[in-house]
Amino acid sequence: MHAIPAVLTELSALDLSRWQFGLTTVYHFLFVPLTIGMVLLVAIMQTAWVRTDNVKYLHMTKLFGKIFLINFAMGVVTGIVQEFQFGMNWSDYSRFVGDVFGAPLAMEGLLAFFFEATFIGLWIFGWGRLSKKVHLATIWMTAFGVLLSAYFILAANAFMQNPVGFEINEAKNRAELVDIGAVLTNIVALNQFPHTITASLMFAGAVIASVSAYHLKRNQQVSTMRTSLRFGLWSVIVGGIGTAISGDGLGLAMVQTQPMKMAAAEALYNTSAPASFSIFTLGTPDGKSELFSIRIPNLLSYLSTHTLDGEVEGLNDLQAQYVSAFGPGDYMPIIWVTYWAFRWMIALGALSFLIAVVGLWLTRKGKLELPKWVWNVAIWAAPLPVLGISIGWLFTEMGRQPWLVFKLMKTADGVSPGINGVDVLISLIVFTLIYGVLAVVEMKLLLAAAQKGIEEEKSEDAADADQLTVAY
Amino acid sequence: MQLNEIWFLIVGFLFIGYFVLDGFDFGVGMSLPFLGKDDTDRRVLINTIGPVWDLNETWVIVAGASLFAAFPEWYASLFSGFYLPLLLILAALIARGVAFEYRGKGHTIGANEVRWKATFDWMIVVGSALPALLWGVAFANIVQGVPLNIDHVYTGTLFTLLNPYGLLGGFVTLTLFWTHGLIFITLKTEGEIKVRARALATKVGVVTTLLAAGFLVWTLVAHFSVLGFILAALAAVSLIAGLFANFMNREGIAFSLLVLTIVTAVGSLFASLFPNVFPSSTNAAYSLTIENASSSQYTLTVMTWVAVFMIPLVLLYQGWTYWVFKKRVSRKSIPAHSH
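As they're listed, the protein sequences go chains A and B.
Each residue of the first sequence is one higher than the one before, counting from 1 in the working numbering.
Each residue of the second sequence is one higher than the one before, counting from 1 in the working numbering.
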């Protein structure tokens with residue numbers, strides 16, 4: 001090796017790799033939910049246009065289709081990083097679980113990702129080249145590919161939360177797949193999937209409502225924007241109800257598979273029956289006991305077991321169980337993170353839902369004469385669902401710690417043995433810089449497209465038949 | 001034939017598919033400063049790959065995921081070992097992808113149009129040339145073998161990979177993909193730009209032939225296999241024939257022959273590798289092979305079913321995409337004021 005200052009060689013490849021994975025994943029997943037939600041909603045808009053021939057649905061399809069696409073490109077390019085990172089930074093993890101974990105990833109590629117990439121190209125460039133119905137089919141095919149893709153990725157993630165369908169091969173020191181059906185019907189994946197999809201609908205709906213509110217506030221493009229506003233708000237509401245119901249199911253699955261995570265979500269130190277749900281807790285600085293809290297009696301029991309007085313296991317008891325099962329060590333995640341992340345996730349979702357309900361009520365029967373600040377609330381409410389989604393994933397992933405694969409492999413044991421801190425520092429800086437610059441450009445372009453709103457189409461006959469309908 | 005052999009073929013097929021498809025995207029990207037005399041020209045060039053470049057890029061993701069599922073040890077050792085080159089490839093692919101999307105949108109946010117486009121054009125050029133070079137460096141080193149310890153962990157540095165054989169491999173892929181892209185341009189455009197592309201393809205093609213001949217001879221001397229020899233010979237013949245067809249203005253035949261060249265050339269590398277997948281230059285006993293790097297029988301069986309059903313289907317609907325967008329692009333097809 002070349003002479004490298006001691007301070008740099010001591011940089012931990014593990015810590016930096018964790019930061020890098022966290023940073024790149026959260027960033028990637030800012031774009032994914034909008035893609036998932038928007039492709040479904042745009043498909044619905046385009047269906048409405050094909051069925052009714054009402055031009056306002058075409059305008060909506062084009063405007064929100066454009067926002068969807070600006071966003072989709074970012075999802076794709078940042079997604080490659082995700083795929084490569086397992087091998088680059090987490091090669092011992094990849095060696096240990098590749099036999100199981102690789103399968104859903106490869107299935108995602110072969111079954112879903114090729115599919116969505118192909119049909120989205122056809123959709124973008126197929127305007128005017130494909131017949132109306134075939135073109136409509138391409139957006140639904142894209143939506144189907146996006147959903148399928150999401151399912152396989154969530155099934156892969158679910159294996160890390162709740163490993164199933166495998167056996168340990170001692171000789172090869174790895175987990176081996178024995179039941180692909182079990183991996184693909186993991187109870188965590190089955191519950192995480194609707195939760196992710198409906199939360200994505202909330203985000204896309206909130207973005208649609210926000211863009212529409214921007215134009216309605218200025219009294220422009222009113223007839224289309226009123227329809228899209230209410231369509232967006234309804235999407236937030238439907239998505240919100242779905243998110244709550246699926247979140248309840250996911251909570252039950254979590255208690256069953258990762259009781260430590262639920263205890264950490266609630267900062268419940270001692271096993272309780274019945275258990276109350278705290279809305280706000282102040283703890284002692286060491287986090288070992290609480291000073292003050294506001295509580296709803298029996299709610300935690302209900303959330304965890306669907307009975308009012310069910311027993312919920314506490315952190316200290318679980319810690320003792322894990323020490324006896326896996327040897328000495330700290331098996332608790334960072335409690336203040338899980339506790340507050342769990343609450344903020346719920347609060348942001350609920351707030352977004354409430355805003356949508358109030359918005360629908362205020363604009364009932366065609367009313368649009370509203371004070372400016374009401375429109376501003378609708379405009380600025382767009383990021384609430386995606387904040388909730390990001391925080392929800394922070395909870396899911398940090399609540400899994402110290403495990404990389406729950407009860408099978410610790411995060412510290414998964415990092416690549418061959419990489420050094422300097423390499424990872426370089427990559428962390430490169431990704432931070434690129435992602436930072438892209439975030440700025442991306443936001444500017446998205447805002448510009450949103451503020452421009454509907455672009456009047458040139459009439460079909462005026463366009464030269466040889467010209468590309470969409471061109472770079 | 002055993003399942004791990006089948007998967008060696010499938011992984012090879014996916015990487016070959018990636019190089020054939022994204023290869024011409026790289027070539028088109030590299031050609032921007034050479035063929036694009038003005039912005040309309042450059043837009044013509046970019047629109048030849050407009051509807052398909054991200055679809056083509058998808059192949060590397062699927063190839064990587066298949067490697068992960070079928071040969072986890074290979075995936076883990078290769079990707080962690082080639083950490084910095086892969087970082088550069090990722091950065092380049094990101095830069096290229098967003099540049100395609102962003103270059104026409106500067107006017108929407110009031111940017112200086114000329115500077116905005118010039119910036120993204122350079123990102124496309126570098127974002128195309130760098131992966132074209134580095135994939136060759138990476139694959140040449142895989143064939144040659146790299147320092148791996150008994151746990152199959154790479155013990156070299158970035159500079160270990162920049163050896164003469166690796167670099168020569170890199171320049172072969174760089175020029176080969178460039179030629180491939182230029183001939184793709186002759187197939188997808190008309191008018192003056194097509195004439196310029198054809199002339200440049202001949203020049204770059206001659207350089208490619210010389211570099212590739214040296215590389216293939218080196219490969220055969222150092223890592224001889226009968227199949228590798230046959231494939232390499234085929235690659236050489238089809239490259240020369242392809243250049244001749246290009247010279248004779250038969251772009252359809254020329255492009256097909258370039259596809260055949262890439263298929264056989266990369267195929268010959270995989271043939272030279274077999275049955276190793278990641279040989280160790282430290283000690284042959286530490287090499288990864290299709291035996292010790294592969295997944296369990298069960299996983300390979302499941303994945304084989306998926307691949308056998310899906311790959312033909314994928315080829316079918318991707319083929320349909322190319323058919324839908326078969327029309328040539330010319331200056332006339334670029335709408336004046338939309339972007």
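Rather than coming from a laboratory, the hints here were simulated on the basis of the structure.
Given the structure is predicted, the values throughout are model-derived calculations rather than measurements.
Any given hint could be a false lead.
Here are the simulated SDA-like pairs of lysine to any residue, each with C-alpha atoms no more than 20 Å apart in a straight line [claimed, not checked]:
| no. | chain 1 | residue 1 | chain 2 | residue 2 |
| --- | --- | --- | --- | --- |
| 1 | A | K452 | B | T108 |
| 2 | A | K62 | B | P335 |
| 3 | A | K172 | B | K105 |
| 4 | A | K452 | B | K105 |
| 5 | A | K452 | B | E113 |
| 6 | B | K117 | A | I70 |
| 7 | B | K326 | A | S131 |
| 8 | B | K203 | A | K452 |
| 9 | B | K105 | A | S131 |
| 10 | B | K117 | A | V437 |
| 11 | A | K172 | B | Y286 |
| 12 | A | K172 | B | V206 |
| 13 | A | K66 | B | T108 |
Evaluated hints:
no.	hint	result
1	K452(A) to T108(B)	holds, 9 Å
2	K62(A) to P335(B)	holds, 18 Å
3	K172(A) to K105(B)	violated, 52 Å
4	K452(A) to K105(B)	holds, 13 Å
5	K452(A) to E113(B)	holds, 18 Å
6	K117(B) to I70(A)	holds, 17 Å
7	K326(B) to S131(A)	holds, 16 Å
8	K203(B) to K452(A)	violated, 47 Å
9	K105(B) to S131(A)	violated, 28 Å
10	K117(B) to V437(A)	holds, 16 Å
11	K172(A) to Y286(B)	holds, 15 Å
12	K172(A) to V206(B)	violated, 49 Å
13	K66(A) to T108(B)	holds, 13 Å
In summary, the numbered hints that this structure violates are 3, 8, 9, 12.
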